[in-house]
Amino acid sequence: MRKLNALASAFGLLGMQHALAADEAAPEAVHRPQWSVLVSFSPTYTNNAQFRRDDRRRDVYAEPDVLLRLDGKLTSDISYRLYGRSSFDTFAQEQIGNETFALLGARLTRNILDWRTSVSYEHRFEFAGVYQDLLFIADDVQISTMRDFSYGPFTISPTAQLSYRFADVPEARRYRLDLLLPFEARITSRWSLVSTPFVEAYWFTDGLNEGRQDIIYSTSLGLRYSIANNISLTTSASYEWRTSNVPLRHYRDLEIGPRLDMAF
Amino acid sequence: MKPIMIAAAMAAGLLGGAASPSLAQRSEAGDRGLRLENNALRTDVRRERLKKPSAAAKAKRRPKLSDRKE
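Protein sequences, first through last, are from chains A and Y.
The first sequence finishes on residue 264 if you use my numbering, and the numbering steps up by one all the way, no holes.
The second sequence finishes on residue 1070 if you use my numbering, and the numbering steps up by one all the way, no holes.
Just chain Y, same shape as in the assembly (with noise of 0.2 angstroms):
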């Protein structure tokens, strides 16, 4: 077996998670938090639009007291 090989075959054990846990443990991290991340942009995006209710928008939607008597 050509050592290319064996490193090929080393590596992808390793990716794989046939190696020892903590080194596919190592190897997946650059893996974890993908869906959060991916969601977290498409998140942004929906999110862009949104408007907080301004403190104006709050005191004009209450009524006022002299609205009341009326």
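The shape of chain A in the complex, shown without the other chains (with noise of 0.2 angstroms):
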């Protein structure tokens, strides 16, 4: 134990001094980190495959979206999640649009005055196709925090989240701010009303797309039905737009399609 406190101390974890001071002290306090996989899986219909500002071609994709997640607590208030993603765009026509990712995170998590701030990592592999050619490998850092506010059967998210991926291929290289506003609006038991508008600016910082920004909006509605606690199917509407200042990039886009989430 105390090798690993010596070893708590020098990488600096935060709060695992805590923890394993903890674990010495109270061995029955300590939470057993739990494993969950989480499997989502949608088709869908867009009117702009390629998110081209011209040229603009409507397809249907299929999304399946896999996480496997491992969640525990460093001391009673800083929890940890260790997670592996993965998830591909596969496209009926224009299978040029075709890509994956995969990744492995670490996030650490803390209520602050009733916000849950969460610092977070992340390394990334980018696929052209579904897992062909490897097109850049990413490290996200991310800062973030969120608080739901309920008002009877009413309850909204707020989120804000800053990143900043370093990677491989420099044009990858940006920051990036997002604040969502995530709203549900519960009809019965097993239906709800949702929605999730945001945000997004994007500001490049190296190669080609140095001084490059976007910014991106996006809104959406749905209903929601709640097949079980860990099931549900959600069919929506998402509308979505670019701005930059490189004009190439603007763009708009219409989603529509049925999303079915399982948590196991």
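To be clear, the hints were calculated from the coordinates, so they are not data collected in a lab.
Where is the CB? At the ideal position from N, CA and C, for every residue including glycine.
Treat each hint with caution, since some may be false.
[Claimed, not checked] EDC-like cross-link-like pairs, simulated, lysine to aspartate or glutamate; straight-line CA separation at most 20 angstroms:
#1 Lys1051/Y x Glu122/A
#2 Lys1052/Y x Asp114/A
#3 Lys1051/Y x Asp206/A
#4 Lys73/A x Asp114/A
#5 Lys73/A x Glu1037/Y
[To be verified] Under 7 angstroms between C-beta atoms, here's a sample of chain A residues computed to sit facing chain Y:
#6 Leu38
#7 Ser40
#8 Glu99
#9 Glu126
#10 Leu135
#11 Phe136
#12 Gln142
#13 Ser144
#14 Val169
#15 Glu171
#16 Ala172
#17 Thr196
#18 Phe204
#19 Leu208
#20 Asn230
#21 Asp261
Can you join these two chains into the complex? Each is in its own frame, and there are hints to help.
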């Protein structure tokens, strides 16, 4: 245990020493880490498969998303999450738009004034096609905060997150700020009206994209049916548009489709 | 043609993919994975309220032998 304490001290792990101390003093208070798997699947219609300003093409794509995670607590107020995640898009016609990511991540979360505040790190592999050509490898560092506000059947969950992407391809390096305002209105015990409006700003820092600034606005409206506590089906429409100081990067996109989410 | 106009034309060409594929691919790196990332963001929000069925709940659902006898 002393060795572990020294190790934690050496690496300056947040709260790790307290956790280890608690482990020594009161083993019954230690929270057992828990594994879980989250799976989503969604066939979606889009009216701009390639996110083009011009030459917009309609298509349908499938997008499975699998997340394996381990949740635990370092102390009574700091939780951690280790996770692996992968997802890909595969289009019916516009197969040049097929792409994939796979990542490993770690996150520490603490409540600050009732806001769930997290710092996270993700090591990401980005592929063209479905796990075909490796495009770049990135390291994302992120800080985020969110809180739920409930008023009767209504819940809003304002969220802010700021990240920086380090990457082996300079053009992928950028800051990103997300401001989300997810909203849910419970209609019955199983049905809810949901919406996830957000604004994203990107500041690219290197390579050919140096100086490029994008802003993405997105809004959505959907109906969620809770099949069970761990399974839900959400059918929604989302509209997204991007402005940029590189006019070629402007686009508008409407997407409609059902999404099945499961937790195990 | 002024130098700034030439530079702008070159930049537009590069970003539009008119230059060599490698340069075009490099500038596209800023866009690759965008749809996946934004959908992941939306997915995280949707999945926020899903609850993993706990072992206790599973045990509760499983009928006990004594229940069957009754």
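Structure-based check of all given hints:
Proposed proximity of Lys1051/Y and Glu122/A is contradicted: the alpha carbons are some 24 angstroms apart, above 20 angstroms. This hinted pair does not check out: Lys1052/Y and Asp114/A have alpha carbons roughly 23 angstroms apart, beyond 20 angstroms. This hinted pair does not check out: Lys1051/Y and Asp206/A have alpha carbons roughly 41 angstroms apart, beyond 20 angstroms. For the given pair, Lys73/A sits about 17 angstroms from Asp114/A by alpha-carbon distance, which is consistent with the 20 angstroms threshold.
For the hint linking Lys73/A to Glu1037/Y, the alpha-carbon distance of about 27 angstroms lies beyond 20 angstroms, and the restraint is violated. Here the hint on Leu38/A is kept, as its CB sits about 5 angstroms from the closest CB of chain Y, short of 7 angstroms. The restraint placing Ser40/A at the interface with chain Y holds, with a minimum CB-CB distance near 5 angstroms, inside the 7 angstroms limit. This hint holds: Glu99/A has a C-beta 6 angstroms from the nearest C-beta of chain Y, less than the 7 angstroms allowed.
A hinted interface residue such as Glu126/A counts as satisfied when its beta carbon comes closer than 7 angstroms to some beta carbon of chain Y; here the least separation is about 5 angstroms, so the hint holds. The closest approach between the C-beta of Leu135/A and any C-beta of chain Y is roughly 5 angstroms, which is under the 7 angstroms cut-off, so the hint is satisfied. Below 7 angstroms, beta-carbon pairs count as interface contacts, and Phe136/A has one with chain Y at about 6 angstroms; its hint therefore holds. Checking Gln142/A against chain Y: minimum C-beta separation of about 12 angstroms lies over 7 angstroms; hint violated.
Hint on Ser144/A is violated. Least Cβ distance to chain Y is approximately 10 angstroms, over the 7 angstroms limit. Among the interface hints, the one on Val169/A holds; its C-beta lies about 5 angstroms from the nearest C-beta in chain Y, closer than the 7 angstroms criterion. Annotation: interface hint on Glu171/A holds; nearest CB of chain Y at approximately 4 angstroms, less than 7 angstroms. The beta carbon of Ala172/A is positioned within 7 angstroms of a beta carbon in chain Y (closest approach about 4 angstroms), and the interface hint is therefore held.
Here the hint on Thr196/A is kept, as its CB sits about 5 angstroms from the closest CB of chain Y, short of 7 angstroms. Checking Phe204/A against chain Y: minimum C-beta separation of about 6 angstroms stays under 7 angstroms; hint holds. The beta carbon of Leu208/A comes within 4 angstroms of a beta carbon in chain Y, closer than 7 angstroms, and the hint placing it at the interface holds. With a least beta-carbon distance of about 5 angstroms to chain Y, the hint placing Asn230/A at the interface is held under the 7 angstroms criterion.
A cut of 7 angstroms between beta carbons decides the hint on Asp261/A: the least distance to chain Y is about 5 angstroms, and the hint holds.
The structure does not agree with the numbered hints 1, 2, 3, 5, 12 and 13 stated previously, though it agrees with the rest.
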